[in-house]
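Asker: Residue numbers (this note's numbering), protein chains in the order written: chain C, 315 to 502; chain R, 207 to 334.
No lab work stands behind these hints: they were computed from the structure. We put the CB at the ideal spot given by N, CA and C, even for glycine. Among the hints, erroneous ones may be present.
Unchecked claim - Covered stretches of chain C, going by a simulated chain R footprint (3 or more residues, C-beta under 8 Å):
1) 323-336
2) 359-368
3) 372-379
4) 414-426
5) 491-500
To be verified - Below, simulated DMTMM-like cross-link-like pairs (lysine to aspartate or glutamate); rule was C-alpha separation at most 20 Å, straight line:
6) K432/C to E274/R
7) K287/R to E454/C
8) K324/C to E350/C
Claimed, not checked - Example chain C residues on the side facing chain R (calculated, C-beta under 7 Å, incomplete):
9) L404
10) I451
11) A469
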Amino acid sequence: MAKAFKYGLKGITGYLEPAERELLRGLLDDVISMLEPELSRDEDPLTALIGLDMNVKEPSDRALLRLLPNVMKNDDAASLEFRQLTERSLREGKIGALRAAAMGLDRNELVLTPEEAKLWSMALNDVRLVLAERLDIRDEADADHVHAMQDWSQAEDVESYLALVYNFTTWLQESLVQAMMASMDRKT
Amino acid sequence: MTTTVAPGTAAVTDAGLKGEERTDTAEQQSTDLLSAADIPWNLVIWNDPVNLMSYVSYVFQSYFGYSEAKSNKLMLEVHRKGRSIVAYGGKEQVEQHAVAMHGYGLWATVEKANGSGDGRGRKGGARG
Chain C
315 MAKAFKYGLK GITGYLEPAE RELLRGLLDD VISMLEPELS RDEDPLTALI GLDMNVKEPS
375 DRALLRLLPN VMKNDDAASL EFRQLTERSL REGKIGALRA AAMGLDRNEL VLTPEEAKLW
435 SMALNDVRLV LAERLDIRDE ADADHVHAMQ DWSQAEDVES YLALVYNFTT WLQESLVQAM
495 MASMDRKT
Chain R
207 MTTTVAPGTA AVTDAGLKGE ERTDTAEQQS TDLLSAADIP WNLVIWNDPV NLMSYVSYVF
267 QSYFGYSEAK SNKLMLEVHR KGRSIVAYGG KEQVEQHAVA MHGYGLWATV EKANGSGDGR
327 GRKGGARG
């Protein structure tokens with residue numbers, strides 16, 4: 315069984331069973347592959363280098379749209395223009411955090427520096443956002459419904475399995491954030 | 207959207223010149239004629255059923271440097287009212303905040319302080 319993250323003398327530490335690490339690695343890889351921009355052949359290397367992407371569109375996948383939201387509520391044109399300037403680097407930043415967490419899983423001991431903890435919390439959050447879209451969590455009632463699934467012996471279909479995975483990552487992120495808060499308290 | 211006309215350089219000089227020219231006509235100017243940097247923009251965080259309350263408060267503390275009390279208050283406002291203005295400033299500044307919030311996975315948008323919104327205008331989200 316995984317152990318909750320905690321803050322102690324060694325810093326922020328956690329423990330995951332090999333199967334749990336494997337599960338988490340798979341989830342991180344899934345979100346990385348969602349976020350990796352498709353490279354178009356006729357792309358101007360210079361604009362790519364400075365992070366511009368003039369071919370970018372609002373994502374049609376709801377989960378991806380939740381990761382890369384419009385910056386203005388009622389102005390699609392302005393949001394798209396902003397997307398051209400910022401989306402590529404936003405994707406790269408997210409991929410960086412997800413990769414950092416995946417690499418952390420390769421180590422024997424789960425001991426996180428403050429910077430690693432921050433990247434882990436961001437990565438786990440993005441994983442949860444994607445799982446929540448797949449589970450169709452639209453409001454607090456949906457979230458409560460999913461949260462009620464706690465028993466792995468109940469996992470009999472894809473949806474209940476996803477719900478259990480979602481609850482596992484939620485629990486992991488919550489314990490990590492609590493450990494990060496404890497480390498912030500200690501410093502101030 | 208006038209994203210990349212740097213308000214720090216050309217726009218400021220422009221505004222400075224305008225400032226000397228306009229005296230009594232200034233009142234008649236519509237806000238549309240003011241440079242983008244003159245209009246305060248709000249950074250809005252929206253509620254969603256996924257983000258942890260602890261995480262949202264952590265982001266406000268670590269990114270904006272807000273106190274725990276202030277961060278919790280803003281987080282609860284997001285949670286209960288569906289949205290909260292957590293920062294305001296020039297357009298480029300709040301846009302930068304918005305991208306940072308998207309990096310953390312928070313649902314953030316920017317809007318003109320006096321524009322469509324909850325009608326609270328620029329009083330909503332004093333920083334610091």
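Asker: Indicate, hint by hint, whether the structure satisfies it.
Answerer: Verification of the hints:
{"no.": "1", "hint": "323-336", "result": "violated (count 0)"}
{"no.": "2", "hint": "359-368", "result": "violated (count 0)"}
{"no.": "3", "hint": "372-379", "result": "violated (count 0)"}
{"no.": "4", "hint": "414-426", "result": "violated (count 0)"}
{"no.": "5", "hint": "491-500", "result": "holds (count 5)"}
{"no.": "6", "hint": "K432/C to E274/R", "result": "17 Å, holds"}
{"no.": "7", "hint": "K287/R to E454/C", "result": "13 Å, holds"}
{"no.": "8", "hint": "K324/C to E350/C", "result": "34 Å, violated"}
{"no.": "9", "hint": "L404", "result": "6 Å, holds"}
{"no.": "10", "hint": "I451", "result": "5 Å, holds"}
{"no.": "11", "hint": "A469", "result": "21 Å, violated"}
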